[in-house]
Amino acid sequence: MTVLPPRADLQTTDPVLTLTGISKSFPGVRALHDVALELYPGQVTALVGENGAGKSTIVKILTGIYQPDTGAIAVAGQQTHFSTAAAAEAAGVTAIHQETVLFDELTVAENIFLGHAPRGRMGLIDWRAMNEAARALLARIGADLDPSARLRDLGIASKHLVSIARALSIDARVVIMDEPTAALSHKEIHELYALVERLKAEGKAILFISHKFDEIFRIADRWAVFRDGELVGHGMMRDVHEAQLVRLMVGRSVDQIFPKRQPKLGPPALTVAGYCHPTEFDDIRFTLHEGEILGFYGLIGAGRSEVMQSLFGLTKPSKGACRIGDRIAVIRSTAEAIANGIVYVPEDRGTQGAIKGLPIFQNVTLPSLARTSRKGFLRLAEEFRLAREFTSRLDLRAASLDQDVALLSGGNQQKVVIAKWLATKPRVIILDEPTKGIDIGSKAAVHEFMAELAGQGLAVIMVSSEIPEIMGMSDRVIVMREGRMVAEYARDEMTPERLVRAAAGLGDGMEEDRA
Amino acid sequence: MSDARHIPDRLDRPLRRLLRSWEFLLALVAVAIFIANSLASPYFLNPWNLSDATYNFTELGLIAFPMAMLIVAGEIDLSVASTIALASTLMGAAATAGAPIAVLVLIGLVVGLFCGAFNAVLVTRLGLPSIVVTIGTMSLYRGLSYIILGNQAYTAYPTGFAYFGQGYVFWVFSFELVLFVLMAVVFGALQHRTSFGRMVYAIGNNPTGALFSGIRVARVKAILFLLTGLMSGIAAVCLTSRLGSTRPSIALGWELQVVTMVVLGGVDILGGSGTIPGVVLAALVMGLVTFGFGLLNVPGIVMSIFIGLLLIGVIALPRLWSRLKPRGT
Amino acid sequence: MSRALKSREALLGGAILSMVALIAIRFPQFVAPSNLVGTFNDTSPLILLALGEMAVILAKCIDLSVAANLALCGMVAAMMNTMGIPLPLIILAATALGAVVGMVNGLLVWKLDIPPIVVTLGTMTITRGAIFLISGGKWINDQQLSESFKDFPRSVVLGLPVMAWVAIVVALAFAVLIGRTPFGRSLFAVGGNPNAAIYTGINVGRTQALAFTLAGALAGLTGYLWIARYAVAYVDIANGFELDVVAACVIGGISIAGGAGSVAGAVLGALFLGVIKNALPVVGISPFWQMAISGSAILAAVAINARERRRAGRVILKTAESRA
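Chains as they are written, first to last, in numbering that gives the first Met the number 0: chain Y, 0 to 514; chain P, 0 to 328; chain R, 0 to 323.
Treat the hints with caution; some may be incorrect.
To be verified - The calculated label-pair distances, taken between Cβ atoms and stated as ranges, are:
1. Arg118/Y <-> Phe23/P: 54 to 60 Å
2. Pro117/Y <-> Ala116/P: 53 to 59 Å
3. Ala405/Y <-> Val231/R: 34 to 40 Å
4. Asn296/P <-> Arg118/Y: 56 to 62 Å
5. Arg218/P <-> Arg326/Y: 24 to 30 Å
6. Ile327/Y <-> Ala20/R: 56 to 62 Å
7. Ile299/Y <-> Gly12/R: 39 to 45 Å
8. Gly178/R <-> Arg218/P: 41 to 47 Å
9. Ile34/P <-> Ala86/Y: 51 to 57 Å
10. Lys374/Y <-> Ile34/P: 50 to 56 Å
11. Pro87/R <-> Leu44/P: 53 to 59 Å
12. Phe23/P <-> Asp235/R: 51 to 57 Å
Stated by the list, open to error - A short, non-exhaustive set of chain P residues, derived as facing chain Y with CB atoms under 8 Å:
13. Arg12
14. Leu14
15. Phe172
16. Tyr200
17. Asn204
Stated by the list, open to error - Calculated cross-link-like contacts (lysine to aspartate or glutamate; reagent style DMTMM-like; alpha-carbon spacing at most 20 Å):
18. Lys186/Y <-> Glu214/Y
19. Lys355/Y <-> Asp11/P
20. Lys424/Y <-> Glu289/Y
21. Lys355/Y <-> Asp51/P
22. Lys110/R <-> Asp267/P
23. Lys355/Y <-> Glu289/Y
24. Lys424/Y <-> Glu447/Y
25. Lys435/Y <-> Asp213/Y
26. Lys259/Y <-> Glu451/Y
27. Lys442/Y <-> Glu131/Y
28. Lys355/Y <-> Asp8/P
29. Lys186/Y <-> Asp170/Y
Hints are computed from structural coordinates only; laboratory data are not their basis.
Don't be surprised by glycine CBs; every beta carbon is placed ideally from N, CA and C.
One chain only, chain Y, in its complex shape (with noise of 0.2 Å):
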């Protein structure tokens, strides 16, 4: 751990941007209404609130990308208007956003620089000035980057580093931070606080979107928190506290309350034995009884989803075996899986779950098609039926069977979801971050359902990284990290702590854990 530098009198500066009563609707959505934020140099001012209340909104809007309805954007007291994501840049502020909006065939040097390179005579691009700057840069954030090097050969933390370094590239007053830290690992995680201290002491006003507490309270001068499209408070971070935050993102005070259960665990029904890929993941074993939520929970890009997406029949195992209740099941494809009884809801809800374009019915019914209609020929009738037989069971809300899914709400969306794998009466469930990014409503519905379903003897298999929810619903948790299983809990020997020390590396694995 590092230990901070003491903290400069943050009440005399100037906010070097300021916005007043930003307002932004959509078509049918009121995304952000009378907005007002102020940002302060040397300082990090922390933005929270739950998915959809309206953060990624004002990213779009600080950054040019969205112009407000109504409202004021004020750059050291100088009103201005984004009007295009370069007048944005040219003011001074930035954004590091949460996936990395890189160019895989342009070099790294030409990545940081892209709209504001080095240009030598005749306005041409000065390739060396360009590479050299990069250099410069890079070694500023401490990056070990070939400037030359084309970004497709890098991985995801290189690229991270690469999209901060494009910040740092235009001279900028105000950048913004959109979940950085996301997809980092535990080191990069720590090399981005030094960074984050580092633009701090440069004066630079930051604005850091996270969803992580921690690292909230570690790094930040200041909180504005966003609930349904507003700002419902801000203040000091020395004066706030953890519930206080969270009280204003959902508006009611939460302690998340998963189902109670008491598991009744069956016969095996999913047997998984020395499963390998050439390079996602490496003997992956497991047995999974009817009755029994088995969670897998690690960092992300650990290997779960890809452990996952190979039993549903996706990718080709290279080696090991896996078995359905006691008979010996091949899966080449995920119409097998599904005829195996293993079906599989996906993180990526909007390309993997749901076919948006297609009414709420038509999308419950695709994978029993076959038993909804007659030789091939639709039968509508039935196929209503059963989309309303199962999407009520999950309490799904809206206007009609015939609606757009596009339509939904995220966390009806996942309802839709589920309702289609659960009318193919599958035996095997496997539910891949199934409350990401939704409502806290549908979240409890859907931890609900899943109790439910486990009781009712499917056996579940919930991949996900969030610990509450984690330690919430399953009765037996596997830890994975880079690609390999590393730790097993019962229900009785889950901490949060040994979660994520096994997840990160740090514990030396389930054997000294049990030791």
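Since chain Y is already given, all that's left is putting chains P and R on it; use the hints.
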């Protein structure tokens, strides 16, 4: 939002839905052109003239049906006209060698299927983009035709072979028209009444999601390429029979007309939506326009301007409209 | 990957050289300097159009109207010549007209979000029809064209015809444009990751529209060169040539998905097709083989490109990383 337990199946009444549909608009246009034509030319309303007019769209329409499904699924086949050329050339070679009619038809269908299968393998097995693949096979198939025929022509078709392109099943109803109607029904049912059609929509809206829902995406796409090839083969039989001769330049540029017909029929070129009735109506509209221009002695190339404008116009106008509307009100 | 890309072009260059060498063993007259110059000169229009098409494809679009555009501008140039308008003005007008047609494509793609393939399929037929309308379907032949009009692209400067020099100069200009200007680099950004391009302040639509305009201007210029070189103008000039142009790009390794490719690739792809076209009569194969060969070349090139780009999943295991 209503309570969960009371989600109705549907909100829209079917009639309202119909009235607001692209197909309804197309039908109005078709009727308008029909009336305009009958006012413009006294020869138009003659049943035999009208029957002749159907040749303007029957062969194109036969290919447009599977093409519509292919485009709904997010793929495209630009090699259909070249498939016709190759199928027609091989039929001509066989006819010159004295093959009977049944064999000629069989050759047409098999060549079409084979061309479709080759596209299918390249797109679904090797994972190549269909637009490039079929630009390649467009060159390849017609190129093979040129290798076989050079600047020659096959004309030695047996007399009975003319039936497919010139014969009448009943009164003014030509074999081609009957086939067109039959295929419209078959493909309409396939797209809108079967689980296969549903899978096509799912794939077109979200191929990854469809794969994750257990749909054999590659197989569905392969079947669509096969169907497109087969229907191109059938169109080749009809066209060759109608013309009575084969040159390598046969059906040149038809891929564009077929795609125009499909897009005019309301199929989203980016995949995911569109209907077979829409394509049938688009075929009628294009056929009537072509026929009307013919009656007015407008040359074919000028008609192609109209088709080009139509292609861009039908996509551009709704977009322009939706862009102007919010500002106006 | 930069090395791999370079080796791609080296591979294609090697393929062309070995093809030439193989032909030369049996038919030495093919490598006679005059024949090589002739081959390059014949390929110049393809090189010019392929460069324009490359810009369009890099920006994640496709332009199927370039050949029709060429024919229209060529016809207009020929008609202006019959009216006695001075040559520099004709060349300027042809280029400008081409740019306008390209800009129309670009604006339809930019302002109305119509897929490029639909736009350019449409403008392709409209443009062909327009040639018929302005020419009345008539040919303009050798006798009707002035000597100076016809001589310019054929006149030899430093051992090469002007048309070949135009191709060389434009290729060099493109190398600078693509490699050293913000517009050139933004093509890669727009094609490689359009959403991210917006975040870096690049106007995606405008960049695409500019690429179309550029491709159109080159088609216009080439239109004049083509008509002057072959001394005849009619509606169906360069019919189907757009496929050769796309083929040259695909063979040259320009990714049809956008965002990847090089000037050298486009030039070499065009030369590959040009050498084949000029070699066929030399080795005694009917020119009717040309079409099938370019078709096969497209398929082979796209298959090879796809193989190179395919990646085998994520690398999560540390051992796999060290192996890879």
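To see whether the hints hold, each was checked on the structure:
1. Arg118/Y <-> Phe23/P: 54 to 60 Å: 57 Å, holds
2. Pro117/Y <-> Ala116/P: 53 to 59 Å: 54 Å, holds
3. Ala405/Y <-> Val231/R: 34 to 40 Å: 55 Å, violated
4. Asn296/P <-> Arg118/Y: 56 to 62 Å: 60 Å, holds
5. Arg218/P <-> Arg326/Y: 24 to 30 Å: 25 Å, holds
6. Ile327/Y <-> Ala20/R: 56 to 62 Å: 57 Å, holds
7. Ile299/Y <-> Gly12/R: 39 to 45 Å: This hint holds: roughly 43 Å between Cβ atoms.
8. Gly178/R <-> Arg218/P: 41 to 47 Å: Taking Cβ atoms as reference, Gly178/R and Arg218/P lie about 44 Å apart, which means the hint holds.
9. Ile34/P <-> Ala86/Y: 51 to 57 Å: 54 Å, holds
10. Lys374/Y <-> Ile34/P: 50 to 56 Å: Check failed, 43 Å falls outside 50 to 56 Å.
11. Pro87/R <-> Leu44/P: 53 to 59 Å: 57 Å, holds
12. Phe23/P <-> Asp235/R: 51 to 57 Å: 39 Å, violated
13. Arg12: Arg12/P check fails; min Cβ-Cβ to chain Y is 11 Å, beyond 8 Å.
14. Leu14: 15 Å, violated
15. Phe172: 28 Å, violated
16. Tyr200: Where the cut-off is 8 Å and the nearest Cβ of chain Y is about 6 Å from Tyr200/P, the hint holds.
17. Asn204: 4 Å, holds
18. Lys186/Y <-> Glu214/Y: Given that 20 Å is the threshold and the Cα spacing comes to 14 Å, the pair holds.
19. Lys355/Y <-> Asp11/P: 19 Å, holds
20. Lys424/Y <-> Glu289/Y: Holds: Lys424/Y and Glu289/Y sit about 14 Å apart, inside 20 Å.
21. Lys355/Y <-> Asp51/P: 44 Å, violated
22. Lys110/R <-> Asp267/P: 18 Å, holds
23. Lys355/Y <-> Glu289/Y: 33 Å, violated
24. Lys424/Y <-> Glu447/Y: Roughly 18 Å separates the two Cα atoms, so the pair holds.
25. Lys435/Y <-> Asp213/Y: 19 Å, holds
26. Lys259/Y <-> Glu451/Y: 10 Å, holds
27. Lys442/Y <-> Glu131/Y: Answer violated: Lys442/Y to Glu131/Y is near 50 Å, above 20 Å.
28. Lys355/Y <-> Asp8/P: Since the Cα atoms of Lys355/Y and Asp8/P sit roughly 18 Å apart, the hinted pair holds (cutoff 20 Å).
29. Lys186/Y <-> Asp170/Y: Between Lys186/Y and Asp170/Y the Cα gap is close to 27 Å, so the pair fails against 20 Å, i.e. violated.
In the structure shown, a violation is registered for the earlier hints numbered 3, 10, 12, 13, 14, 15, 21, 23, 27 and 29, in ascending order.
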